[in-house]
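Residue numbers (numbering that gives the first Met the number 0), protein chains in the order written: chain A, 0 to 87; chain L, 0 to 244; chain U, 0 to 221.
There may be inaccurate statements among the hints.
[To be verified] Cβ pair distances, simulated, as ranges:
| id | chain 1 | residue 1 | chain 2 | residue 2 | range |
| --- | --- | --- | --- | --- | --- |
| 1 | U | W15 | L | L241 | 49 to 57 angstroms |
| 2 | L | A239 | U | I30 | 52 to 60 angstroms |
| 3 | L | Q232 | U | L159 | 27 to 35 angstroms |
| 4 | A | L29 | L | D193 | 35 to 43 angstroms |
[Claimed, not checked] Coverage of chain L stretches by chain U, computed from C-beta distances (three or more under 8 angstroms per stretch; other residues unrestricted):
| id | stretch |
| --- | --- |
| 5 | 129-143 |
| 6 | 149-161 |
The set of hints was computed from the structure by calculation and includes no laboratory data. Just so it is clear, the structure is predicted and the values come from calculations on it, not from any experiment. Cβ atoms here follow ideal geometry from the backbone N, Cα and C, with glycine treated the same way.
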Amino acid sequence: MLDLGTHASFIIAAYGVTFIAVGALVFATLADDRNQRRKLAELERLGIRRRSAKAPPSPTVKTLAKPKTAKAPTKRKSATPRAGKARS
Amino acid sequence: MISLANPSRFLSLVDRVVPWLSALVAILLGIGLYMSLFVAPPDYQQGETVKIMFVHVPAAWLGMFGYTLIAIAALGTLIWRHPLADVAAKTAAPIGATFTFIALVTGSLWGKPMWGTYWVWDARLTSMLILLLLYLGLIALWQAIDEPGRAGRAAAILGLVGAINIPIIKFSVDWWNTLHQPASVFRMGGSTIDPSLLTPLFVMAAGFTALFVLLHLIAMRAEILRRRVHALQQTQVERAALAEA
Amino acid sequence: MRTALALLARDVKLAWREGGAVGVALGFYLIVVVITPLGLGPDLNLLGRIAPGILWVGLLLAALLSAGRIFENDYEDGTLDVLATGPLPLSVVAGIKCLAHWLSTCIPLVLLAPVLGLLLNLPMGTFPSLGLAMLAGTPAVSFVAGIGASLTLGLRRSGLLLALLVIPLYVPILIFGVSAITPYVSGPNSIWPPFLILCALSLASVVLAPLAAAAALRSALR
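Pulled out of the complex, with its shape left as it was, chain A reads as follows:
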């Protein structure tokens, strides 16, 4: 059996904190990844896709969803150049 000596609680606490922190990091990273992929799939379902993305294989395509319609977002200068808005 595992004998951790007189200061066992500190050792357990240290490993515990490591486990929790790493676990939280892994969870957050994976969750973010899944979130973005879900959103991307959602947009693709709506027919909004990037110019370089391939057309969907299904022939029954909604009238909105024409392949290669998604242009690269136009680079418009926003009215307030320093408003700090995210430009595409």
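The hints should help you fit chains L and U onto chain A, whose structure is shown.
Relative to chain A, chains L and U alone:
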């Protein structure tokens, strides 16, 4: 690096690498944990608490590794304008900060049985704390600037300034610490580490490093996808506006 | 050269005329030094020992408070765009603005420091080293603050963010600044090593910080 500059190529690489890397991480950490907890002998000075070293030291190494990565990525952004450099820097910061945090907490928990106090302003812990502050500054700057181009460049500049300062800060903290500490200071881990303790340490370090790389790649994928989502959402809004007009 | 001096003169004058900005920094320094003993107790021995630390920390915070000003005003009314496209290189412009901050804000703070030292029972024999250490270290304070100011230009909560970014970079200045006043290792020449390191830090900052600040400014002005 140049062939990986294409985000789509990079994404497909990540997709292929992740399963293998996950397996590697699991194996290394599994073996490492087993060795750390069951195989490693107690230290003659510290007893069983030396086992904390097996998580504390790799975490500290990875905290520093993360910042080195950010500094190199900063050069990539500012000098070579590599398209994925700022993605690499942005995603490395939270991972590096977490490992630095782990190093601080485990160091503190190691210090209590050893030095009798939870926090000690020794040179290494203090430098780690300042490293954490540097990470927090980078993350705060990323969050404060909305426009991704400016955010990437600003964070790259801050990253480089921080990287240049780290040796200076380390030197000043070492010097400050020797002034205020009594002459004989208990050195963490001892001056020489016995091989029976080194092997678990390296296995854990390798496992954690693989974990860092794995998380970093996944985070970079998520960030690239996030930017695509954002761009497409803008297209969506523009289309809706046009349709209404 | 004349353009550079003209810009410097303009910035220093503006700093002095701007509704008591320098006065506010001095007032803040005073307040920080006043509340510290209130928090620690009136024991003069203790205060005398920690006075160099309190004086330096107070100075750093007071300088940081006014650091946002270095580029902000010119950014807001468009002067910075004009300066960026003008005859002077942007790094020189950035350097001059940091120098103006040093002259208009840090120097008055350094002049106030000995007076506040009296409040903290700083031994009067250390006053010369106090002045020298601060004169040697404050250029680094201003120029590193300039990096922070250029990075946080026009952002929300830029003051707090500026402090968060810059204070870790101030650690060496603080450590050597305090040691240059009251060395803990006794000896006739023992304030010189930290003092010389302070000079080195300041010289390095004066040369390198404007480059970083200019890069950040260019990024913000795009």
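Original post:
Which of the listed hints are not met by the structure?
Top reply: Of the numbered hints given earlier, the structure breaks none, since each of them holds.
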